[in-house]
Amino acid sequence: MASVTLRNISKRYGDSPEVMRDIQLDIADGEFVVFVGPSGCGKSTLLRMIAGLEDISGGDMYIGDERVNDIPPAKRGIAMVFQSYALYPHMSLYDNMAFGLKLAGKSKPEIDAAVQKAAKILHIDHLLDRKPKALSGGQRQRVAIGRAITREPKVFLFDEPLSNLDAALRVKMRLEFSRLHQDLKTTMIYVTHDQVEAMTLADKIVVLSAGRVEQVGSPQTLYHHPANRFVAGFIGSPKMNFIDGVVVSANAQHVTVQISHGGVQTVCVDGSTLQPGSKVTLGVRPEYLRRDDSQPTVHGRVSTVESLGDFSYLYAESDSASEPLICRMPDGEHAANGSLAGFSIPPHHCHLFREDGLALPRTQAITQAVAPAH
Amino acid sequence: MHTSAHPALRKGTDSSPGHAASARPGRGTQRWLQSPAVVSLLLWSIVPLLMTVWFSLIRYNLLSPEDTGFVGLQNYQFMWSDPAFLPAVFNTLLLTVAVLVISVVGGVLLAVLYDQPFMGRGIARLLVIAPFFVMPTVSALIWKNMLLHPVYGLVAAATTALGLPPIDWLGEYPMLSIIIIVSWQWLPFAFLILLTAIQSLDQEQKEAAQIDGAGPIAMFFYIVLPHLKRAIGVVVMIETIFLLSIFAEIYTTTAGGPGTATTTLSYLIYQLGLQQFDVGMASTGGILAVILANIVSVFLVRMLANNLKGENER
Numbered sequence: 001m002a003s004v005t006l007r008n009i010s011k012r013y014g015d016s017p018e019v020m021r022d023i024q025l026d027i028a029d030g031e032f033v034v035f036v037g038p039s040g041c042g043k044s045t046l047l048r049m050i051a052g053l054e055d056i057s058g059g060d061m062y063i064g065d066e067r068v069n070d071i072p073p074a075k076r077g078i079a080m081v082f083q084s085y086a087l088y089p090h091m092s093l094y095d096n097m098a099f100g101l102k103l104a105g106k107s108k109p110e111i112d113a114a115v116q117k118a119a120k121i122l123h124i125d126h127l128l129d130r131k132p133k134a135l136s137g138g139q140r141q142r143v144a145i146g147r148a149i150t151r152e153p154k155v156f157l158f159d160e161p162l163s164n165l166d167a168a169l170r171v172k173m174r175l176e177f178s179r180l181h182q183d184l185k186t187t188m189i190y191v192t193h194d195q196v197e198a199m200t201l202a203d204k205i206v207v208l209s210a211g212r213v214e215q216v217g218s219p220q221t222l223y224h225h226p227a228n229r230f231v232a233g234f235i236g237s238p239k240m241n242f243i244d245g246v247v248v249s250a251n252a253q254h255v256t257v258q259i260s261h262g263g264v265q266t267v268c269v270d271g272s273t274l275q276p277g278s279k280v281t282l283g284v285r286p287e288y289l290r291r292d293d294s295q296p297t298v299h300g301r302v303s304t305v306e307s308l309g310d311f312s313y314l315y316a317e318s319d320s321a322s323e324p325l326i327c328r329m330p331d332g333e334h335a336a337n338g339s340l341a342g343f344s345i346p347p348h349h350c351h352l353f354r355e356d357g358l359a360l361p362r363t364q365a366i367t368q369a370v371a372p373a374h
Numbered sequence: 001m002h003t004s005a006h007p008a009l010r011k012g013t014d015s016s017p018g019h020a021a022s023a024r025p026g027r028g029t030q031r032w033l034q035s036p037a038v039v040s041l042l043l044w045s046i047v048p049l050l051m052t053v054w055f056s057l058i059r060y061n062l063l064s065p066e067d068t069g070f071v072g073l074q075n076y077q078f079m080w081s082d083p084a085f086l087p088a089v090f091n092t093l094l095l096t097v098a099v100l101v102i103s104v105v106g107g108v109l110l111a112v113l114y115d116q117p118f119m120g121r122g123i124a125r126l127l128v129i130a131p132f133f134v135m136p137t138v139s140a141l142i143w144k145n146m147l148l149h150p151v152y153g154l155v156a157a158a159t160t161a162l163g164l165p166p167i168d169w170l171g172e173y174p175m176l177s178i179i180i181i182v183s184w185q186w187l188p189f190a191f192l193i194l195l196t197a198i199q200s201l202d203q204e205q206k207e208a209a210q211i212d213g214a215g216p217i218a219m220f221f222y223i224v225l226p227h228l229k230r231a232i233g234v235v236v237m238i239e240t241i242f243l244l245s246i247f248a249e250i251y252t253t254t255a256g257g258p259g260t261a262t263t264t265l266s267y268l269i270y271q272l273g274l275q276q277f278d279v280g281m282a283s284t285g286g287i288l289a290v291i292l293a294n295i296v297s298v299f300l301v302r303m304l305a306n307n308l309k310g311e312n313e314r
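Chains as they are written, first to last, in my numbering: chain A, 1 to 374; chain B, 1 to 314.
Everything labelled a hint here was simulated from the structure, so no lab data went into it.
Please note that a few of the clues may not be correct.
What the hints assert, rightly or not - Take a look, some chain B residues computed to stay more than 12 Å from chain A by CB distance:
{"no.": "1", "residue": "30"}
{"no.": "2", "residue": "38"}
{"no.": "3", "residue": "128"}
{"no.": "4", "residue": "136"}
{"no.": "5", "residue": "137"}
{"no.": "6", "residue": "214"}
{"no.": "7", "residue": "294"}
{"no.": "8", "residue": "299"}
Claimed, not checked - Looking from chain A toward chain B, a few residues come up when the C-beta cut is under 10 Å (computed):
{"no.": "9", "residue": "76"}
{"no.": "10", "residue": "82"}
{"no.": "11", "residue": "89"}
{"no.": "12", "residue": "90"}
{"no.": "13", "residue": "91"}
{"no.": "14", "residue": "99"}
{"no.": "15", "residue": "151"}
{"no.": "16", "residue": "154"}
Quick reminder that beta carbons are idealized off the backbone N, C-alpha and C, glycines included.
Sequences and hints are given; from them, build the entire structure.
Rendered as structure tokens:
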């Protein structure tokens with residue numbers, strides 16, 4: 001049980017420029033933190049630096065109160081579950097799970113107790129004398145977690161642990177991770193590129209991009225109050241719609257925006273830093289974009305409709321946005337391909353981003369109204 | 001892995017009669033089409049063996065061609081009483097086992113060493129592998145005349161530089177010299193196979209062991225060595241096949257001497273057949289060599305079978 005603190009952490013390979021800079025992060029004791037970001041953003045590297053598998057080029061890292069920069073992985077009090085599980089193929093499950101304790105010089109009864117306990121938690125106690133090869137993907141995953149549990153670490157590290165499993169098993173194991181965290185109450189750091197995993201598991205999400213921390217916050221905060229355009233576009237599926245516009249007038253409560261090739265839209269954000277005439281980007285999630293042919297503010301031409309059963313996604317090409325607009329609508333509604341469609345946006349469901357990508361604070365934050373407005 | 005292939009094979013042949021009439025040729029046609037390959041292979045391997053067996057049972061000396069006739073197992077009795085025979089068997093086994101041990105142990109250590117990143121690793125690896133590409137006679141001559149020679153050899157130069165008397169390696173330690181020469185040739189082979197095996201070790205497995213607290217020594221014994229088990233089996237099997245019949249190195253350096261100190265079974269057969277022109281006795285030696293090779297291979301197959309069974313249990 002320990003907190004993890006990163007202060008000014010940076011990473012460089014050889015003499016090349018830093019790939020990570022000034023990473024500041026506070027992870028409280030017992031927290032479930034998810035690092036999420038597109039591939040190549042440095043989330044795995046950051047995890048491996050916490051594990052001690054990757055050197056830290058600059059800054060200080062603390063696990064608990066101890067500075068761990070120069071402490072080898074085995075002595076940091078961490079345990080890691082790898083994407084490939086990395087089980088030892090020539091050892092039985094029992095030996096796989098006992099290996100760390102054996103090397104640490106623990107007595108036989110101690111090892112046995114720890115292994116049996118971990119195996120019980122994960123329901124693999126009937127498989128202990130098998131070799132990893134004889135197991136299914138999900139079972140191997142459990143063994144890898146079991147191996148981590150037996151070490152009784154202060155911090156668990158998971159490196160994309162579910163990415164090798166099929167969709168159904170992934171959902172099941174996701175719930176198990178959740179349960180495991182409730183049972184063990186140990187600090188857990190989890191790396192994934194799957195935002196559903198991030199949203200469902202995390203107490204706190206760290207969004208990374210190109211070696212920088214974009215935003216840290218609870219799943220709700222990230223969803224409803226993204227700090228910038230990157231986070232707004234990354235969290236949420238399908239992606240948020242981004243619509244170009246120019247400020248007409250702005251005050252601390254509302255901003256009025258002239259949408260390019262569209263109507264005038266009011267947005268409930270604090271616009272006190274904006275000047276009329278400056279370029280902005282409107283953001284609205286697909287579930288809040290409304291089909292509205294009577295008083296539309298945005299127009300588009302329907303290109304595709306994807307039906308998902310209970311609802312469908314409408315894709316429309318629009319001059320107001322560089323990417324097709326996505327609108328979620330009830331499954332009963334129809335839209336012919338190629339037909340014109342109008343959309344309106346509820347002012348309190350709209351995000352506004354300045355030209356540099358930063359979000360303006362929303363004045364009517366509706367965190368409760370997660371359900372679509374239909 | 002191997003066992004899993006059987007059901008598929010069986011299924012293939014079982015289901016074929018049903019389709020035979022329509023799609024596949026019938027069994028008779030299959031056999032008939034296979035026969036040229038099978039028959040030529042049979043002739044290739046069985047006929048020489050049978051001829052050798054026959055020659056080993058008759059009196060057949062080119063120096064006294066008039067002296068012929070079936071002698072039964074007399075040649076074998078005679079061979080058994082030959083004072084060169086048992087030393088030859090012993091020498092063959094000694095050479096094989098010694099070279100195996102040196103090349104496997106050395107190969108594993110070199111593979112671990114050359115798996116580490118260092119400057120000029122590519123060239124260094126090439127140099128380690130190079131001896132394998134030198135012809136046996138050439139490498140034997142290099143060792144005999146340029147390295148181990150008591151007057152011109154580099155080793156002698158090194159020992160005299162240290163103030164020690166030069167050693168006539170091939171005269172005083174003939175078997176050791178042969179073992180060194182053959183090991184020099186076969187160590188690169190073991191190294192090559194084991195290096196590729198070591199490179200296929202999953203990096204995350206090593207990292208997991210590192211987090212579990214394995215130091216370099218524990219890592220070697222618990223992770224690397226078990227991973228190499230199979231590759232070591234392959235090296236042992238292939239090398240044994242070649243080491244049992246080592247000839248060129250002995251012929252070019254010691255010619256089996258001094259006395260019978262480096263006479264192996266294959267060299268003894270050469271002496272009997274091509275120096276004493278006794279084809280009958282040489283054939284007897286050949287058959288005994290086949291028997292020896294089979295005894296060794298039974299051990300090998302058993303060892304490898306256990307190895308592969310272990311793989312399947314995973």
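Structure-based check of each hint:
{"no.": "1", "hint": "30", "result": "36 Å, holds"}
{"no.": "2", "hint": "38", "result": "36 Å, holds"}
{"no.": "3", "hint": "128", "result": "27 Å, holds"}
{"no.": "4", "hint": "136", "result": "36 Å, holds"}
{"no.": "5", "hint": "137", "result": "42 Å, holds"}
{"no.": "6", "hint": "214", "result": "6 Å, violated"}
{"no.": "7", "hint": "294", "result": "31 Å, holds"}
{"no.": "8", "hint": "299", "result": "22 Å, holds"}
{"no.": "9", "hint": "76", "result": "9 Å, holds"}
{"no.": "10", "hint": "82", "result": "4 Å, holds"}
{"no.": "11", "hint": "89", "result": "6 Å, holds"}
{"no.": "12", "hint": "90", "result": "4 Å, holds"}
{"no.": "13", "hint": "91", "result": "8 Å, holds"}
{"no.": "14", "hint": "99", "result": "5 Å, holds"}
{"no.": "15", "hint": "151", "result": "7 Å, holds"}
{"no.": "16", "hint": "154", "result": "13 Å, violated"}
The earlier numbered hints that this structure contradicts are 6, 16.
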